[in-house]
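Residue numbers (the working numbering), protein chains in the order written: chain A, 98 to 351; chain B, 98 to 351.
If you are wondering where the hints come from, they were derived from the structure by calculation, not from laboratory data.
Careful, some of the hints might be misleading.
The list makes no distinction among identical chains, and a pair is therefore deemed to hold if it is satisfied within one copy or across any two copies.
[Claimed, not checked] Pairs of lysine to any residue, SDA-like flavour, derived with a Cα cap of 25 angstroms:
#	residue 1	residue 2
1	K110	Q163
2	K293	E269
3	K293	E154
4	K110	Q271
5	K110	F126
6	K110	P299
7	K110	P218
8	K293	V168
9	K293	T231
10	K110	R150
11	K110	A208
12	K110	G259
13	K110	Q197
14	K110	D296
Protein chains: 2
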Amino acid sequence: MGTTQLESVPEPKYWHLKTVLSEALDSDFAVGEVLPNERELAARFGVARATLRQALEQLELEGRLQRRRGVGTTVAPPRMGVAVGAETDVWPGAGDDAWQPVACEETTPPAAVARLLDTDPDEQVHTVRRSRMTHGQPVAAELLYVPAGSVPGLTAIGAPTGAAHARAVLRELQRLELEGQDRAVELGSASAEDAKQLDRLPGAPVLVLTTRYVAEGRTAAVAVATYRADTCRLTFGETGSVQITDAGEDRRAS
Amino acid sequence: MGTTQLESVPEPKYWHLKTVLSEALDSDFAVGEVLPNERELAARFGVARATLRQALEQLELEGRLQRRRGVGTTVAPPRMGVAVGAETDVWPGAGDDAWQPVACEETTPPAAVARLLDTDPDEQVHTVRRSRMTHGQPVAAELLYVPAGSVPGLTAIGAPTGAAHARAVLRELQRLELEGQDRAVELGSASAEDAKQLDRLPGAPVLVLTTRYVAEGRTAAVAVATYRADTCRLTFGETGSVQITDAGEDRRAS
Numbered sequence: 098m099g100t101t102q103l104e105s106v107p108e109p110k111y112w113h114l115k116t117v118l119s120e121a122l123d124s125d126f127a128v129g130e131v132l133p134n135e136r137e138l139a140a141r142f143g144v145a146r147a148t149l150r151q152a153l154e155q156l157e158l159e160g161r162l163q164r165r166r167g168v169g170t171t172v173a174p175p176r177m178g179v180a181v182g183a184e185t186d187v188w189p190g191a192g193d194d195a196w197q198p199v200a201c202e203e204t205t206p207p208a209a210v211a212r213l214l215d216t217d218p219d220e221q222v223h224t225v226r227r228s229r230m231t232h233g234q235p236v237a238a239e240l241l242y243v244p245a246g247s248v249p250g251l252t253a254i255g256a257p258t259g260a261a262h263a264r265a266v267l268r269e270l271q272r273l274e275l276e277g278q279d280r281a282v283e284l285g286s287a288s289a290e291d292a293k294q295l296d297r298l299p300g301a302p303v304l305v306l307t308t309r310y311v312a313e314g315r316t317a318a319v320a321v322a323t324y325r326a327d328t329c330r331l332t333f334g335e336t337g338s339v340q341i342t343d344a345g346e347d348r349r350a351s
Numbered sequence: 098m099g100t101t102q103l104e105s106v107p108e109p110k111y112w113h114l115k116t117v118l119s120e121a122l123d124s125d126f127a128v129g130e131v132l133p134n135e136r137e138l139a140a141r142f143g144v145a146r147a148t149l150r151q152a153l154e155q156l157e158l159e160g161r162l163q164r165r166r167g168v169g170t171t172v173a174p175p176r177m178g179v180a181v182g183a184e185t186d187v188w189p190g191a192g193d194d195a196w197q198p199v200a201c202e203e204t205t206p207p208a209a210v211a212r213l214l215d216t217d218p219d220e221q222v223h224t225v226r227r228s229r230m231t232h233g234q235p236v237a238a239e240l241l242y243v244p245a246g247s248v249p250g251l252t253a254i255g256a257p258t259g260a261a262h263a264r265a266v267l268r269e270l271q272r273l274e275l276e277g278q279d280r281a282v283e284l285g286s287a288s289a290e291d292a293k294q295l296d297r298l299p300g301a302p303v304l305v306l307t308t309r310y311v312a313e314g315r316t317a318a319v320a321v322a323t324y325r326a327d328t329c330r331l332t333f334g335e336t337g338s339v340q341i342t343d344a345g346e347d348r349r350a351s
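Excised from the complex, chain A in its bound form (with noise of 0.2 angstroms):
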């Protein structure tokens, strides 16, 4: 959040010329506008381009920048908030219009969640493929994994594929009694069909939500979204009346 009177520690090169480009995208520049290359802006600023390169990376760790393919560095829109602290427990599916099924199949889930899910680990669990979508522009892909004892009905009803599949155990899914869910944030990286669903590179940084819905005294089904980390802030609203409102917004727009 800048620098304060409490900084008294000597600052790295590249830090310093972070705070002074970061000034300079506020004044001349706007959003989405291209920055000039790296060798005019080492000669720009008088920096080498080891420096230079040292401090875009850090600005657009912050969401400054964004890198783009066949468009180059541009001047990032300010973070969106999004909200996944929900007032009150609910399933995915149910109440939350911001996630659309995309796709289900059968899957060996990785062996965290398989530990999770107490499940044997090659065992198969239905997999939901989700996606989020704000302001028209994907910000999160998520997999929800629910192993075949959450949803007894789901055979009966029939197993067609795709969106449709993943409906129908979204809907059996919401037929237990939700008793909690906790979730936790770590930093991740896009793994290559996550990345091709939120529009960005292989290994781009992303905030990574797991949930764990609890039915019955046990984890009925866990779901681990990944959010860009570049366009997103996750909101932990815990009232509909107080919200963080957008921290960058005023340093920011154009």
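Guided by the hints, dock chain B onto chain A, whose structure is given.
Same frame as chain A, but now just chain B:
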């Protein structure tokens, strides 16, 4: 969370290498062990140095590897779950022993914080720096911004400096009735001062948790906490009994 059968996109070379390396970390290395240097590793896996470096960067982003000054690249322990979602709203310093006040000064908060606090852009506020330790390791650094209006009794008490002053500000703040709080998580990079507190290099990726405390119908204080993204997973549990266990433990424990 690894590849699944949903994976249908061709993966870049470094991504495949990352998967291979990740398996090698599980089978051939112990937590804390120093990795061979880049030249040796590139030869061992038959890849170019640039490809290797990309794969190592991904693994660092995912918390599997740590790069430390004067030590080299080591195998990281599993990430710690750090609880940030209190069951009930409490003021900083009240009923939460994980945080230690370090210092307090008058500073001009960043523009975004001033806007949340509704203070003038150049108005100085009490700025309490706190540190959070878990298992003897620093996991987070925090700046808590408290406008003079939120602690009207403070001047009467006097203004000592440092940790004592910090505690006095927290005590005064606790006199207000806390009406609610909301939080937002986003990706950031460590400032020089934060990096020093967190035992990291400046610019290291951090999870930035902004908390807004509401009292008397307005924002009484704003806390900006930076958590080490390499070692921490922020958990938002809703019930005391429901807790996400360490999702990486079985995979990474030696």
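**OP:** Could you tell me which of the hints above the structure violates, numbers in ascending order?
**Re:** Per hint list: 2, 4, 7, 12 and 13 violated.
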